[in-house]
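Residue numbers (this note's numbering), protein chains in the order written: chain A, 3 to 276; chain B, 632 to 1071.
Please note that a few of the clues may not be correct.
With a cut-off of at most 25 Å between alpha-carbon atoms, the simulated SDA-like pairs for lysine to any residue come out as follows [what the hints assert, rightly or not]: (1) K781/B to R30/A; (2) K42/A to T752/B; (3) K780/B to F29/A; (4) K675/B to E269/A; (5) K675/B to L275/A; (6) K781/B to Y25/A; (7) K800/B to L37/A; (8) K780/B to R30/A; (9) K42/A to D917/B.
If you're looking for bench data, these hints aren't it; they were derived computationally from the structure.
All figures in this text were calculated on a predicted structure; none of them were measured in a lab.
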Amino acid sequence: MKELIIIEPERQEHHYWRELWRYRELFRVLAWRDLLVRYKQTALGALWALIRPFLAMVVFTVIFGHILQLPSEGSAPYALMVFAGLLPWTFFATGLSEASNSLVQNAGLINKVYIPWLIVPTATMVVALVDFLLSFCTLFALLIWYRFMPGWQLILLPAFVILTFAASLGPSLWLTSLNVRYRDFRYVIPFVIQFGVYISPIGFSSNLVPDKWRLLYSLNPLVGIIDGFRWCILGGQSQLWLPSLAMSLGVTLFLLWLGIRQFRKMETSFADLI
Amino acid sequence: MSDAIITVENVSKRYLVGHHSRHGQRYTTFRETIVREASEFVGKAVGLVSGRPNVQNADVEEFWALRNVSFEVQQGSVIGIIGPNGAGKSTLLKILSRITPPTEGRILIWGRVASLLEVGTGFHGELTGRENIFLNGAILGMTEREIRKKFDEIVAFAEVERFIDTPVKRYSSGMNVRLAFAVAAHLEPDILIVDEVLAVGDADFQKKCLGKMDDVSRREGRTVLFVSHNMSVIKTLCPTTIWLDRGVVRRQGASPDVIGEYLALVSPSQDRLLKLDDSQRLHKYDDSLRLLSLEWHCDLPLQHGAPIKGRIRFRARMPSYDLVIGIGFANLEGSRVLTYETDFQGGFRPDISQAGEYCVDFAVESLPLAPDVYALDVFCRSSEINSVDYVPAVTQIEVVAGPKTPICIVQHNTGVHLASSWAWANFREGEQPASGARLE
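With these hints in hand, go ahead and build the complete structure from the sequences.
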């Protein structure tokens, strides 16, 4: 039996998620394309995924650990603490900047063919995810170098990876759909990322934030996520402050809901706007 | 219940076109200006974060690209869609392909739809031919298994076997188009929506594509909707035709009838200055070369046997030393019958040493076109900077009978008529030909 497609001014709700599932193969192909294209015509190729966070770690360690002499978490090496924070941050930042431009970059598609557009920014996030997984090589090298043994907490790391993915996807969806109408947002993103480096506890420990401000500080979802990463990787040396984590989770889910809502609202008119 | 595979019910599509009307307003005081600008800014900022359109201080005009369009398409039929530029053909195809939603109305479609609004959608220059086949196939809705099964067939159809592992950015444009069409031609949707893709490629490949389209519809029994400006192609491929005019269905019926009526009704243009807008181009070319306008410097309508003169205005973004500019006349079935271009027997070579806007004048001593209505094409190209701009069927232009008969006559259906010597043949060996001699 052939299926029936009904085209109406307003798309029906219940078809949406089923259709998204039907296009899962295209999702895979688009992610595969983005991966193939990412390091084409670069001499170092995927090594860039290792080099960038490593250099950032060196700079942060020198500035915050050696020049400013800030304390690490427990007795963990400062470089390791910085890297544990850089991992989710780099993932978040790469995902945000790539996914936010994904629709505009695929403008040629939007005018010419129908696909559920939600898969485009999501597929782009996969590229950031692969970069992120690659940089675990650096993490393991650092662990061996410092002869540091993570604790049982490491098995909870995947949960924080998913949280980072969601934290990056939410604002990305919102920005990418608005970017279709107003290219202003292309200029907002580098600014947000630059800003985020300073307001997230990447080069320093979030313990340095006074207790009375800590919850407010946790409105930045990256705070809970970075704390979580440090807790998983640095084992007993780092304490997880649950209210901060709960706050991160809440803000992330809220932003994700907001992003999806905005995206769905604008999705049908992408072709008319781009 | 009929066995319609597509049912279109009262579909309308509205676009909002904004006109800024700032000139009409005068601010009396500086403070008022500041207040207005500030409130406008706040309004814009709010619009920005919520993605609403900015309509402050702008008159918004409604434009209905389609108005109450209804029709039914039966399973396995091949329908041509014709109409002048701006009739709503592309909008209709976009709605049927679900690229843009209708403003009103409803469409029911039974089965899988594949739309080819442009060949090579999603091609990525950095990827190889092989990779692009999978990418493009997936975008057009094929599963990976289907693509694997047909991979060899696609490569053979496109004739790119040797270059299948080369990035497509190194392909010639012809190879690119062939590969793209090959993927599209091997789709197996229930309904295929095609927009003018056959306007690309060389003549041989076009013939191959038409053959494939015919196969798809006739042998495999698929439903095809086909938009084209080329009436002879529509006549060959599509038994039925829908004629769209300014957003409404003007007529629907057997192709010869509808096309005949359409051709009889398109009225030729009398405008002396023809602007060449982006919307008139079938394809997006790079903008190194852009034709801007054509202006007639002779009387309209053009006269058979009389001189024609005109000026073509264009813009170049970079220097070029082998520019070719020209105009062409096509019959209303879409075949070119006459071309005038700078690149003819060592003629004028318009060299450009720097970017800018230029004009060239052309003159023809005696127009050989027989009195009829033709479609006017304007084009320019440069192989040095590898760029082209081509505006087909800018307008319909009428040629009327003139006072003189030219030495050469071009007919829309019988080709070029040239002077030649004719005389009575000898009816017997060795005898002088006599005038009026009859065979006895």
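Verification of the hints:
{"no.": "1", "hint": "K781/B to R30/A", "in the structure": "holds, 20 Å"}
{"no.": "2", "hint": "K42/A to T752/B", "in the structure": "holds, 21 Å"}
{"no.": "3", "hint": "K780/B to F29/A", "in the structure": "holds, 21 Å"}
{"no.": "4", "hint": "K675/B to E269/A", "in the structure": "holds, 21 Å"}
{"no.": "5", "hint": "K675/B to L275/A", "in the structure": "holds, 17 Å"}
{"no.": "6", "hint": "K781/B to Y25/A", "in the structure": "holds, 20 Å"}
{"no.": "7", "hint": "K800/B to L37/A", "in the structure": "holds, 18 Å"}
{"no.": "8", "hint": "K780/B to R30/A", "in the structure": "holds, 19 Å"}
{"no.": "9", "hint": "K42/A to D917/B", "in the structure": "holds, 23 Å"}
Hint violations for this structure: none, all hints satisfied.
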